[in-house]
Structure formats: structure tokens, C-alpha cells
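Asks: Read off the chains here:
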Amino acid sequence: MINNQMNHVWKQFAQSLRLMVGVPEYSVYVEHMRSVHPEQTIMSQEEFFRERMEARYGGKGRLNRCC
Amino acid sequence: MNQLSKWVGWSLFSLLGAAAFGVIALNRGESISAIWIVIAAVCVYLIAFRFYSQFIARRVLKLDATRMTPAYKHNDGLDHVPTNKYVLFGHHFAAIAGAGPLVGPILAAQMGYLPSMLWLLAGVVFAGAVQDFIVLFISMRRNARSLGDLIKSELGHVPGMIALFGTFFIMLILLAVLALIVVKALAESPWGTFTVAATIPIAMFMGIYSRYFRPCAIAEISLIGFTLLILSIVAGQYVQEDPAWAAVFSATGEQLTWVLIGYGFIASVLPVWLLLAPRDYLSTFLKIGTIVGLAIGVIILSPELKMPALTQFIDGSGPVWSGDLFPFLFVTVACGAVSGFHSLIASGTTPKMIQNETDARFIGYGAMLMESFVAIMALVAAAALEPGIYFAMNSPAAIIGTTVESAVQTISQWGFHITPEMITQTTQNVGEHSIISRTGGAPTLAVGMAQILSGVIGDTAMMAFWYHFAILFEALFILTAVDAGTRAGRFMLQDLLGSFIPAMKQTDSLMASLIATGICVSGWGYFLYQGVIDPLGGINTLWPLFGIANQMLAGIALILCTCVLFRMKLDRFAWITVIPAVWVCICTLTAAWQKIFHDNPRIGFLAHAEKYQEAVTQDIVLAPAKSIGQMQQVIFNDYINVTLTALFIVVLISILMFGIRTILQARVIHHPTTREMPFELLPVYASIEK
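Heads up: the protein sequence lines correspond to chains V and A, in order. Quick note on numbering: the numbering used here labels position 41 of the first sequence as 41, and the sequence is numbered without any gaps. Quick note on numbering: the numbering used here labels position 278 of the second sequence as 1278, and the sequence is numbered without any gaps.
Be careful, since some hints might not be right.
[Claimed, not checked] Residues of chain A clear of chain V, computed beta-carbon distances all greater than 10 angstroms:
1. Met1204
2. Ala1251
3. Ile1399
[Claimed, not checked] When the alpha-carbon atoms are kept at most 25 angstroms apart in a straight line, the in silico SDA-like pairs for lysine to any residue are as follows:
4. A/Lys1062 - V/Pro38
5. A/Lys1073 - V/Phe48
6. A/Lys1306 - V/Phe48
7. A/Lys1085 - V/Glu31
8. A/Lys1569 - A/Glu1254
9. A/Lys1073 - V/Pro38
10. A/Lys1626 - A/Glu1610
11. A/Lys1611 - A/Ile1533
12. A/Lys1085 - V/Pro38
[As the list claims (entries may be wrong)] Taking CB as the label site, the calculated pair distances span:
13. V/Ile42 - A/Lys1062: 53 to 59 angstroms
14. V/Ala14 - A/Ile1200: 25 to 31 angstroms
15. A/Lys1505 - V/Ile42: 29 to 35 angstroms
By construction, these hints were calculated from the structure, which means they are not laboratory data. Note that the structure is a prediction, hence the values are computed from the model and not measured. Using N, Cα and C, we set each Cβ at its ideal position, and we do this for glycine too.
Extracted from the complex, chain V is given alone in its bound form (with noise of 0.2 angstroms):
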């Protein structure tokens, strides 16, 4: 019980660092894309961390940082 928790806590403190960095969570997204669109391709493990940080430092005028 008590080991399930930290189990959790230890993944969400992962997790949290991950998307500090701009990284959500792979299987999260592979999960929806099944779901909702079973017709398109999923991108793997790989594609779907260059999209990721294309789109985070890639641009478009939006800050992600503070001073």
C-alpha cells in the first residue's frame, strides 16, 4: 500500500520534471490517439520527442520562461 504510494508519487515527480522541459507524458498521448483517432499513425517514442521540442523552443513569439 504504503510502496504503491510512493510507486505514484515517485512517477507524478517524474512526470512533473519531464514537462519542466516541455516533455508530457508518451504513453498519455498514445492512449488518446488510440482512442479518439484510431485511423491516423501515432508517432513513436522518438517522433513524438522532436515534436515536442520543436514546439517548445521552435517559437512563434510565445515566451515559455520568466525573467
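Let chain V serve as the given structure and place chain A on it in line with the hints.
Replies: Positioned in the frame of chain V, the structure of chain A alone reads:
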């Protein structure tokens, strides 16, 4: 029963907070322990979060747990992802926390710790956190649109364009002042310069490793990078001790300026995976880790505050920056109390990921309280230094001279205890050649942090390591911000110019992007260079300009919030944003006015220009100028600063006018006129996922 125990609990909390304030207030004249400041701050935060933010969330904004959020509506697994509130809190906090809250309170400490502390607490509770929370709420209810878009749709197209235009200039000033902090920290310091320079090959190595060998392994490459960083700090000591290598990495401020300008240009056109992304990993994780470490250090060690609660410099005669407590303390503290930039973040990626509306309170209001706490820790680190050392480090050479003797003499005259041995000892401890006039806040924070961290891990022998670790930590995320900011600025500029010259709008055109990058880099490079050669240290001019710019943006954001409240027909609650908006506008406009028209040349740009003009007519050359031609340049710079400050005033006043017009229009209509997305029910599975 439960109700009663809660009531008792909160009453005890209030009493504890009041007691801590009592200790701070009654112990005037004697030094107190930092723990009282920490306790007072934490009690204020908890009480404000529990009561004030709940009041705003439930009574005013009426956050609705059943209402659709952009994350669910546009869920794509990429930008729009419903995210757990604790996970998102980390993301949001990492995005808002930067150099601002660390540097502001350090500079403000010249007036003593009390004024900054009071404003950090009052400002965050009633202005900063309110702004972040409500902007997040407004954006969340409008498909997570950006601040510029929100102003366009709620106030009108013209004010939206004005705000965008203003934001671009704020960015230039921000990048210039951040770069200036790095230059000031690294000038004539081979150890620091080496470690910071080493981050470039380290990040590139990480980038290539990640691209070709281990894609997606963020944790692994970050750990490798971190290990290499630590090694580079250790190696830096050998570089410093070896005369040949030391000469290679020893650069003057002007040289570093050119290096940084070149770096900014190249880094912002390189592919992101090579340099920006990997360095962002390092700087983000290092930032979070160091902030946690510093908090633990401050609590365990609980250093004694040696800085007086108030110094004689509240009259505006201080050496670090010039100007009276009102309004300059408020624009100097800036980010830790209220930061306009957060309104860009709160209308950026965060609203796209909020799982449930009710989370906005914890994320918007809560993360800002945390940022204020970071500022409080920076204040503690600065106030824990011997005031003599603090002033030796932060006073410009034009005031205290360049030698230990002259610094000791001047600072002793101010009434602070300082001996030449104290300065040499500290210099030796941190492993530098000189600590005199290391303005900009970063070195002061580094010495303060080194004292705290070496008190927890290691002893004085470790101080040099921790000092350079702290310098690296700040330089790293400042460089990331410079590089990312130049990129963002380039896109902004292409967008703005594209309205007039269509060819500039093509972001994939190499020519257009090189031109826009060039304009951006020369924009901030210009202010940076001007700051570096300024005998008053540059910070004296640039930090207040930065503070004014930042607070102006906060004013704009708070005006937007006020307009939205009126359009929602929440007139009777409008005071929650009207009061901070009015205060921020008064501070900003007064400070900007004084920066232009004050008759003290250390404060007013026009008075400064006049002083130089007079010297020119008498054929006298004043430092930093070495010739009459350079004198003309100084005068020209003053007029540029006047123009920029005047521009900020015009932007704020025009947004204020448009805001008042919007409010008057909303007042006569008897139903809500906001442009929110129509109500939709959150899908049932959403509440299960929660």
C-alpha cells in the same frame, strides 16, 4: 468538531505568524535569526492561500469543477493534455521562476531587509499571486489564448497591438539586464568564465548524444551533463591557478559583452536540439535543485541577519541604485512580489493543461507564493552577509574606488563595520581575485549561497566551490533565457514587421529570420554595452528600467483582469484587481517619470545628459567617456533611455485609457459581456480521472 479543530488550527497559525512578526519588529537594533523571517513568510502564504485565494476562487471567479477546460476540449496528447495539478504546478513554477526574484531582493537589500520583506509579502498576496491566478483563469476560459489575444478581444484591437509592441521592448530590456548580470559576474574571473564556457560543449555533447544515441532519455543525459558540469567547476580552479590558462579565460566586461552578443546570435539560429534544449534541461533541473537546496540550507542553518532592518539609504542616497524608497523599492524588488511576465506564462502553456478549473487556484496563486518564497530566501542570503561586504560588492567603482583600501574607507564612513582583512578573507574564501564592485546581484547571491551551502555541506574550504556553483547556476539559466528570448523576440518582430513588410513574415526564410535575429540581438546588445561601460555599474540604469518595464506589464495584466471582472458584472468584487492595478500604475508611472525628469543626474536621464552637455561646452571629459565624441555618445544614450522610458509611460497610459473605456462601457450594460467560451459540461470520465 472538524470545523472547530480547523478553526483552532488556523488561529494557532495566525498567532505563530504574528509572533514571528513581533520578533522581527521588536528586535530592532539587534540582529535576528533568519528563521523568524521564514516563519512569518510561510504563515502569511498559508493564510493568504487558505482564505484570500479561496475567496477569489469561490466567491469572485466561481471556479466551476464541472466546466469544460481547454485540456479536455482540445485534447491532442501534445499541447493540450489534462494534467494532474501537482505535476502542472511543477511545470508552471519552473516556467515563472528565474533570475528576477533572486536579483531584485538582493539589490533592494541596500535599504535593509525590512522594506523588501514587507513588500514581498504584501505584494505577492494582494497583487502578484492575484494577477497570475486571474490571468490564468481568463485564459483558461478562453481556449488558453495568449495575453495579446486576450487584450485584443476584451479591450480592443488597438490596445492589443500596443501591448504586443510594448512587450517586445520589455524583452529587449530584460535580455540586456540578464546578460549584464552574467557579464558582471564573469568579468576578470577565469574560474567562472571557464565553467560557464564549458557549458556550451557540454550541452552540445548532450545534444548529439541524445540525438544519435539515446533519444528521449532526458534523465540519463541530464545526469551525464550534471556530472560534467561539476567536473568543470572543479577544473575551473586549476584553470584559475595556471597563469597561461587563466589568461585565456580572463576577459574584461567589454570583451565578454561582444562574446555574449555573438553567442546570442549564433545560439538562436542553431538547431534547438544541439544547444538550447540540452542546456535547458541542465538549467531547469539545476534551478529547481538549487532552490530546494537553498531552502533546506536556510532552514537548517538559519543564519543571523547582519544587515540592519533599515539602513540610512531609505532616503534614496544608496550606492547600489539611486532613488527614494517610493517608488524605486517597488520597481527594484519587482518579480518576487508581482511580475508582469507571469501573465505571459499564465496565458501560455499552463492553461492548455489544466485538468479542472478549480486547479487554477493552486497553480496560479500557489506557484506565485512559492516564487515569493524564493525571493525571501535570496533576501536572507543577502542580509546574512556582513553589510560591509555587501556594500563592497554592490557599490560601483565610481563611488568606492577600485582598491580594498578605498572601499574600506568609503564604506566605514557610511557607518558599516569593515576591515581590509574581511574583504581579503572573503575574496580568498570564494577563490576570486577581487570582490569589489561585483555588481549585478549574482555574485552577492553566490557569496550568500556559498556561506549557507558550505555551512551544510563542507566547510570554508568548500566555499569557493559553492560560490562558482552558484555563479554557474545563475549564468546557466540566464544564458538559456537569452537564447530562448532572442528566438521568441525574433518571431515577435517578424510578426510585427510582417504587418508592414509581408516578406518579413516568412519565419522559414533564412534571410528574414537572420535580419530579425540581428535586429533583436543588436537591440539588447546596445543596452548591454551601454550598461557595461557605465561607471555607475550599469545596473544603476538598467535594473530600474527593467523593473519599470516588468511592472508596466503587470499593470497591463491587472487592467485586463479588472476589465474582465467588470464585464462579468462582478463590479462589487472589482477591488481585488483595482487596488493592485492602481498601486502598480502609480509606482511605475512615478518611477518612470523620475527616471526621465529627476534633477539628480544619478536618477534622471535628462539631468545626466545635461551634466554631460555642460561638460562638453566647457571641453571637460567625464568618465566613462575618454573623448568629446564619447561624451556625445553618453548624451545620445541618455536620450535613447528617455525615449524608451517615455514609450513605457505611453503604453501604460494608453492601455489604462482603453481599460477605463471598456469598464465604462461594461457599466452601462446590465448583463455580462465577457467573451468566455460558452458553458460546456466537463466529460464524465474527466471527474473519474481526477
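Asks: Taking 10 angstroms as the cut and beta carbons as the points, is methionine 1204 of chain A off the interface with chain V?
Replies: holds (15 angstroms)
Asks: Does glutamate 31 of chain V lie within 25 angstroms of lysine 1085 of chain A when you go C-alpha to C-alpha?
Replies: holds (20 angstroms)
Asks: Starting from lysine 1626 of chain A, check that the Cα of glutamate 1610 of chain A is at most 25 angstroms away, please.
Replies: holds (18 angstroms)
Asks: For the pair supplied as a hint, lysine 1062 of chain A and proline 38 of chain V, is the alpha-carbon distance within the 25 angstroms limit?
Replies: violated (37 angstroms)
Asks: Need the status of pair lysine 1569 of chain A, glutamate 1254 of chain A: alpha-carbon distance at most 25 angstroms?
Replies: violated (55 angstroms)
Asks: Does the beta carbon distance between lysine 1505 of chain A and isoleucine 42 of chain V stay inside 29 to 35 angstroms, or does it fall outside?
Replies: holds (33 angstroms)
Asks: When you check the alpha-carbon spacing of lysine 1306 of chain A and phenylalanine 48 of chain V, does it fall within 25 angstroms?
Replies: violated (52 angstroms)
Asks: Holds or violated: lysine 1073 of chain A with phenylalanine 48 of chain V, Cα cutoff 25 angstroms?
Replies: Measuring from Cα to Cα gives roughly 21 angstroms; hence the hint holds.
Asks: Is the Cα-Cα distance between lysine 1611 of chain A and isoleucine 1533 of chain A 25 angstroms or less?
Replies: Roughly 18 angstroms separates the two Cα atoms, so the pair holds.
Asks: Hint check: lysine 1085 of chain A vs proline 38 of chain V, CA-CA at most 25 angstroms. Holds or violated?
Replies: Status violated; Cα separation ~28 angstroms.
Asks: For a C-alpha distance cap of 25 angstroms, please report whether lysine 1073 of chain A and proline 38 of chain V respect it.
Replies: holds (18 angstroms)
Asks: Quick one: work out the minimum CB distance from isoleucine 1399 of chain A to chain V and report holds if it exceeds 10 angstroms, violated otherwise.
Replies: holds (27 angstroms)
Checked against the numbered hints listed earlier, the structure breaks hints 4, 6, 8, 12, 13; every other hint is satisfied.
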